[in-house]
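Trainee: Residue numbers (my numbering), protein chains in the order written: chain A, 6 to 138; chain B, 6 to 138.
Take every hint as true, because none was put in to throw you off.
Because identical chains cannot be distinguished in the list, a pair is counted as satisfied if it fits within a single copy or across any two copies.
Listed below are the simulated DSS-like cross-link pairs for lysine-lysine, each with C-alpha atoms no more than 25 Å apart in a straight line:
1) 30 x 134
2) 30 x 75
3) 75 x 134
4) 30 x 68
Worth flagging that the hints you see were computed from the coordinates, not collected in a lab.
It should be emphasised that the depicted structure is a prediction, and the values quoted were computed from it without experimental measurement.
Protein chains: 2
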Amino acid sequence: MAEQAGLHFIGVLHGDIASREDAPKNYDESDRVGTLEIYPEYQEGLDGIEAGQTIVVLFWLHKSTRDVLKVYPRGDQSRGLRGVFATRSPVRPNPIAISELQVLAIDGNRLEVSGLDILDGTPIVDIKKQISK
Amino acid sequence: MAEQAGLHFIGVLHGDIASREDAPKNYDESDRVGTLEIYPEYQEGLDGIEAGQTIVVLFWLHKSTRDVLKVYPRGDQSRGLRGVFATRSPVRPNPIAISELQVLAIDGNRLEVSGLDILDGTPIVDIKKQISK
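With the rest of the complex left out, here is chain A (with noise of 0.2 Å):
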């Protein structure tokens, strides 16, 4: 199918995750730091984020399977195929992650975080305020 729409990367995470066996299932489930390395020409969109602040980071999951529409949840076949679209499989027509990150420090364009259940080296499309909950 055509691509209708086309995503900019706004920068890249260096992690320390290097496999999808060693990434933990969900950003809730993992104490994992990183650094979010923003491209400078995107660096103005920080201002404002602040150190101890909880952010929403839109991940391109660029190793990631586009042609599959059903998965075991979590690797688990007991319990059945699903729907992707009922489940936070990787896999996906667009592969996009949504993770929590809990900045802990800011260096000019680059973001320290925990919560990382991403692989290193996967580009960044987007980051947004948490909604209080």
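Here the structure of chain A is known, so what remains is to put chain B in place on it, guided by the hints.
Mentor: Showing chain B alone in chain A's frame:
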């Protein structure tokens, strides 16, 4: 800048919000209802979504400007400009919105939902399970 990844729209929103002036500021301030029409080739991915559930929906804000990095949060000029990544503004380099919506009913490839703050006709990019709080 070159586009670095391409999105395939999985469906389109049908609702009654025709302009940004008429849109609630956020999904947590909205009880507006509408229908997520998922294109038939992606319908299988809905398997497992149930009425009564809250889902996370990613929209592509096709009418948003992409070249602005500072905004007045919620349009309030008294608070000064902020970087878009410190806000939920629809204006951002990759205009993807995240909404948490309640599923009222499912009929094949159509999901009736409430909580909308998104314009009628907006393309849908992804649906995910909500992470339990």
